[in-house]
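Colleague: Residue numbers (this note's numbering), protein chains in the order written: chain A, 1 to 275; chain B, 1 to 530.
It cannot be assumed that every hint is accurate.
No more than 30 Å apart at the CA atoms, straight line, and that leaves these computed lysine-lysine pairs for DSS-like [claimed, not checked]:
1) B:122 with A:97
2) A:258 with B:168
3) A:134 with A:201
4) B:349 with A:134
5) A:237 with A:258
6) B:476 with A:201
7) B:40 with B:476
8) B:349 with A:87
9) B:311 with B:256
10) B:476 with A:211
Stretches of chain B that chain A covers, calculated by requiring three or more beta carbons in the stretch to come under 8 Å of a beta carbon on chain A [said to hold, decoys possible]:
11) 394-402
12) 474-488
Rather than coming from a laboratory, the hints here were simulated on the basis of the structure. Here a beta-carbon is modelled for each residue, glycine too, at the ideal position from N, C-alpha and C.
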Amino acid sequence: MKISTTLAFVIVAAGFFVYQYRQAPIYAASSGSSGAKQAEQASSAKPQAHTSTPSEVGVTVFQENCSFCHGREAEGGETGPDLTRSKLVLSDSGGNKISVIVRNGTPDARMPRFEFSAQEMDGLVAFIHAQAAKAAAQVGGRRGVDVDDLQTGNAEAGKQYFNSNCASCHSPTGDLAGIASRYKGLDLEKQMLYPENVRSKVTVTLPSGQKVAGTLAYLDEFTVALQDASGTYRSWKISNVKYSVDSPVNGHVDLFSKYTDADIHNLMAYLQTLK
Amino acid sequence: MKVLKNTFLLAISVLALNFVPADSVRAQQLDTAGLTHPSKDSWPSYHGDYSGRRHSSLTQITTQNVGNLGLAWVFQTGQNATIKSSPLLVDGILYFTVPDNVWAIDARSGHQVWHYTYPPNKGLHLGQRGVAVYKDSVYMLAPDAHLVSLNIKDGTVRWNVVVADSSKGYWTTHPPVVVGNHLIVGVGGDMDNLPAFIKAYDPETGAMQWEWDATPPSGTPNATTGGTTWMPGTYDPELNLIYWGTGNPTPVLNGKTRPGDDLYTCSIVALNPDTGKLVWAFQVSPHDTHDWDAVEIPVLVDGTFDGKPRKMLMQASRNGYFFVLDRTNGKNLLTTTFGPVNWTSGVDKEGRPIPNPDKEPAPDGRFIAPDEGGLTNYRSPSFDPKTGLFIVDAHPSYSIYFAKPADGSYGWAGADYGLWGKGVLEAIDYKTGKIRWTHELGPHGSGAGVLTTDSGLTFTGDAHGNVLALDTSDGKTLWHAGSGSPMQSSPITYELDGRQYVIMGSGGVLFAWALPEDSIKGEHHALSTK
Numbered sequence: 001m002k003i004s005t006t007l008a009f010v011i012v013a014a015g016f017f018v019y020q021y022r023q024a025p026i027y028a029a030s031s032g033s034s035g036a037k038q039a040e041q042a043s044s045a046k047p048q049a050h051t052s053t054p055s056e057v058g059v060t061v062f063q064e065n066c067s068f069c070h071g072r073e074a075e076g077g078e079t080g081p082d083l084t085r086s087k088l089v090l091s092d093s094g095g096n097k098i099s100v101i102v103r104n105g106t107p108d109a110r111m112p113r114f115e116f117s118a119q120e121m122d123g124l125v126a127f128i129h130a131q132a133a134k135a136a137a138q139v140g141g142r143r144g145v146d147v148d149d150l151q152t153g154n155a156e157a158g159k160q161y162f163n164s165n166c167a168s169c170h171s172p173t174g175d176l177a178g179i180a181s182r183y184k185g186l187d188l189e190k191q192m193l194y195p196e197n198v199r200s201k202v203t204v205t206l207p208s209g210q211k212v213a214g215t216l217a218y219l220d221e222f223t224v225a226l227q228d229a230s231g232t233y234r235s236w237k238i239s240n241v242k243y244s245v246d247s248p249v250n251g252h253v254d255l256f257s258k259y260t261d262a263d264i265h266n267l268m269a270y271l272q273t274l275k
Numbered sequence: 001m002k003v004l005k006n007t008f009l010l011a012i013s014v015l016a017l018n019f020v021p022a023d024s025v026r027a028q029q030l031d032t033a034g035l036t037h038p039s040k041d042s043w044p045s046y047h048g049d050y051s052g053r054r055h056s057s058l059t060q061i062t063t064q065n066v067g068n069l070g071l072a073w074v075f076q077t078g079q080n081a082t083i084k085s086s087p088l089l090v091d092g093i094l095y096f097t098v099p100d101n102v103w104a105i106d107a108r109s110g111h112q113v114w115h116y117t118y119p120p121n122k123g124l125h126l127g128q129r130g131v132a133v134y135k136d137s138v139y140m141l142a143p144d145a146h147l148v149s150l151n152i153k154d155g156t157v158r159w160n161v162v163v164a165d166s167s168k169g170y171w172t173t174h175p176p177v178v179v180g181n182h183l184i185v186g187v188g189g190d191m192d193n194l195p196a197f198i199k200a201y202d203p204e205t206g207a208m209q210w211e212w213d214a215t216p217p218s219g220t221p222n223a224t225t226g227g228t229t230w231m232p233g234t235y236d237p238e239l240n241l242i243y244w245g246t247g248n249p250t251p252v253l254n255g256k257t258r259p260g261d262d263l264y265t266c267s268i269v270a271l272n273p274d275t276g277k278l279v280w281a282f283q284v285s286p287h288d289t290h291d292w293d294a295v296e297i298p299v300l301v302d303g304t305f306d307g308k309p310r311k312m313l314m315q316a317s318r319n320g321y322f323f324v325l326d327r328t329n330g331k332n333l334l335t336t337t338f339g340p341v342n343w344t345s346g347v348d349k350e351g352r353p354i355p356n357p358d359k360e361p362a363p364d365g366r367f368i369a370p371d372e373g374g375l376t377n378y379r380s381p382s383f384d385p386k387t388g389l390f391i392v393d394a395h396p397s398y399s400i401y402f403a404k405p406a407d408g409s410y411g412w413a414g415a416d417y418g419l420w421g422k423g424v425l426e427a428i429d430y431k432t433g434k435i436r437w438t439h440e441l442g443p444h445g446s447g448a449g450v451l452t453t454d455s456g457l458t459f460t461g462d463a464h465g466n467v468l469a470l471d472t473s474d475g476k477t478l479w480h481a482g483s484g485s486p487m488q489s490s491p492i493t494y495e496l497d498g499r500q501y502v503i504m505g506s507g508g509v510l511f512a513w514a515l516p517e518d519s520i521k522g523e524h525h526a527l528s529t530k
């Protein structure tokens with residue numbers, strides 16, 4: 001039921017977006033606070049002059065704040081990903097996930113945080129969903145990276161590359177078993193080249209000689225911090241301790257200077273066989 | 001009584017200044033002399049002076065005492081936007097911005113003198129990199145590509161003129177550059193296939209004086225658009241040339257509709273500031289398909305190269321190459337990479353990188369170093385004359401670039417995804433291009449600009465939000481403080497009342513760092529008794 005509700009909202013919002021996009025911009029405040037409610041009102045009633053709809057508010061908010069990185073149509077731009085294919089957007093319901101990212105930014109701070117009013121946020125969410133629905137409704141010739149685009153490699157050559165360069169850490173029957181079912185297309189390729197959110201291990205040796213091990217929680221040139229087995233955060237001044245970090249993910253960085261495009265396409269072809 | 005006392009002090013100081021006319025003391029308006037030879041109690045233009053070196057002759061804060069640096073004051077904008085502007089200091093007042101906002105604050109105390117807010121507008125609110133000051137006005141470029149003149153005393157609007165039509169997709173973010181009787185401005189806008197330009201305006205009236213077009217009008221067959229001019233250039237008063245970087249061609253990732261080099265995109269251009277006529281151009285990225293603007297600061301250095309005295313221009317460019325040019329004629333002296341670069345098949349005889357056609361964005365993706373943000377971006381590098389080091393916030397990085405027919409030939413026209421990157425401060429020896437030292441700044445990259453001083457200090461920030469003072473000779477950390485947010489601006493420094501301040505913006509807060517007042521008095525005393 002939740003899915004169908006979301007879908008209905010998306011369709012309503014999309015329909016209204018298409019409608020309003022043909023209209024001249026209207027500048028006025030809206031008293032409504034619920035994006036879905038507004039969209040419904042707007043689509044069921046005849047257009048009300050001097051009332052901004054969520055999508056209308058959303059267009060403005062998006063164009064002023066988001067379009068540079070995510071593109072005018074939310075289909076990707078400078079630095080920012082294609083939101084119409086974003087897992088987060090597609091799993092969002094009425095802004096429950098989008099608004100969290102917008103208010104907080106991404107954990108790595110590559111996307112900054114924004115403070116919008118409830119009305120602006122509703123509009124933004126409506127606009128993004130409308131764009132996603134519009135893109136998904138496009139039959140053939142869709143912009144952005146499709147799974148079909150990433151089928152140019154040779155799986156056998158990819159397997160050979162894997163055995164020479166990846167097999168010391170990874171196994172097609174172990175950690176990578178079924179990887180092609182868990183990730184597809186661009187998500188799989190990005191995960192293959194540099195998996196995100198892989199935590200490093202750290203061992204800190206205190207002046208007493210005691211060793212504390214855990215998951216690396218923070219590291220700059222002055223402070224090291226970990227989360228120990230109990231989940232407790234502990235930090236030390238680097239000048240007071242010794243530490244060693246174990247980051248297996250750096251194996252991916254070591255490969256960057258060696259890849260050819262063919263290596264990547266072949267490896268991709270091979271990984272897609274691991275269903 | 002206070003007024004009388006101040007008047008008396010003023011009179012005394014006038015006497016002490018060998019009878020400088022009272023007018024010049026009372027109305028210390030910023031003029032051409034002040035811009036060309038900035039006094040130590042000023043930072044009158046974006047780079048501090050016309051050279052773009054972001055280097056200060058101040059020496060109160062040294063490698064020995066920088067460990068004692070502490071807060072003099074902070075100023076909170078109360079705004080969500082990150083400070084990307086480089087503040088100006090003129091007559092004891094700092095001027096800085098975030099989009100739609102200009103502040104004038106007291107440089108001694110950090111308290112607000114005035115605050116101007118630009119009316120709500122539909123321009124792109126990407127960032128605002130600062131203002132220009134000339135005589136009795138402050139000049140700001142707005143998100144909707146308007147140029148605004150404000151009264152320096154209270155921030156009231158004198159005039160507002162349209163630089164470009166924002167409804168077509170133009171925006172502006174940078175401070176104008178004041179050269180003589182010209183306010184020189186550029187423009188942003190590469191989400192549409194639009195031509196770009198540099199224009200000059202009359203500082204008094206806002207009347208346009210000249211326009212130089214980087215690219216031909218939209219719709220010209222087989223020609224590029226783009227070449228935006230979104231960072232302030234530099235100026236050589238002796239040669240009377242301004243140096244400006246131009247941005248990427250459009251469509252951005254699809255180069256098929258714009259065959260050839262796509263002049264003058266991704267170029268460093270030298271223009272006559274009085275006429276706007278092109279004197280020379282050097283293209284940093286011929287036929288760019290990766291969004292690598294060449295707008296990074298064109299730094300002007302006089303020194304020796306291959307044993308001969310040279311007037312040089314240096315740029316660490318977004319495309320991953322470090323260039324040294326002869327700025328009298330644009331001839332190349334050195335071209336070298338300063339990090340991982342994989343998109344070229346070499347360097348041509350003019351010193352320009354040769355783009356490898358196999359590395360143009362493709363339907364199945366091309367693995368590209370650096371990423372689209374580039375090996376460096378708009379925050380300022382610094383040139384330290386004593387060591388001959390060009391110090392730059394570098395961003396070694398890898399990415400994949402896609403483009404297919406469905407992406408079309410308008411605007412972005414493709415997709416690119418960054419995979420990995422980190423921040424490294426690099427000290428490049430300009431004579432050889434060799435990297436003399438590096439200082440790791442953390443994952444994804446820092447985004448902080450760089451300031452050097454004559455006392456051998458380098459100020460910058462890391463990816464975590466630490467502000468740093470390093471030893472310029474070896475890159476070792478001498479002082480740091482957590483600022484709560486990675487810096488997205490470039491530091492400045494000045495001296496007021498005998499105290500040197502270093503100003504760094506981070507998040508929505510401006511920080512003023514200085515040595516403790518009692519330690520400065522002590523030093524002065526020690527000096528005077530020697």
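Colleague: If a hint holds in the structure, say so; if it doesn't, say that too.
Modeller: Cross-check of the supplied hints:
no.: 1; hint: B:122 with A:97; verdict: 26 Å, holds
no.: 2; hint: A:258 with B:168; verdict: 43 Å, violated
no.: 3; hint: A:134 with A:201; verdict: 44 Å, violated
no.: 4; hint: B:349 with A:134; verdict: 49 Å, violated
no.: 5; hint: A:237 with A:258; verdict: 36 Å, violated
no.: 6; hint: B:476 with A:201; verdict: 27 Å, holds
no.: 7; hint: B:40 with B:476; verdict: 27 Å, holds
no.: 8; hint: B:349 with A:87; verdict: 48 Å, violated
no.: 9; hint: B:311 with B:256; verdict: 38 Å, violated
no.: 10; hint: B:476 with A:211; verdict: 28 Å, holds
no.: 11; hint: 394-402; verdict: holds (count 3)
no.: 12; hint: 474-488; verdict: holds (count 3)
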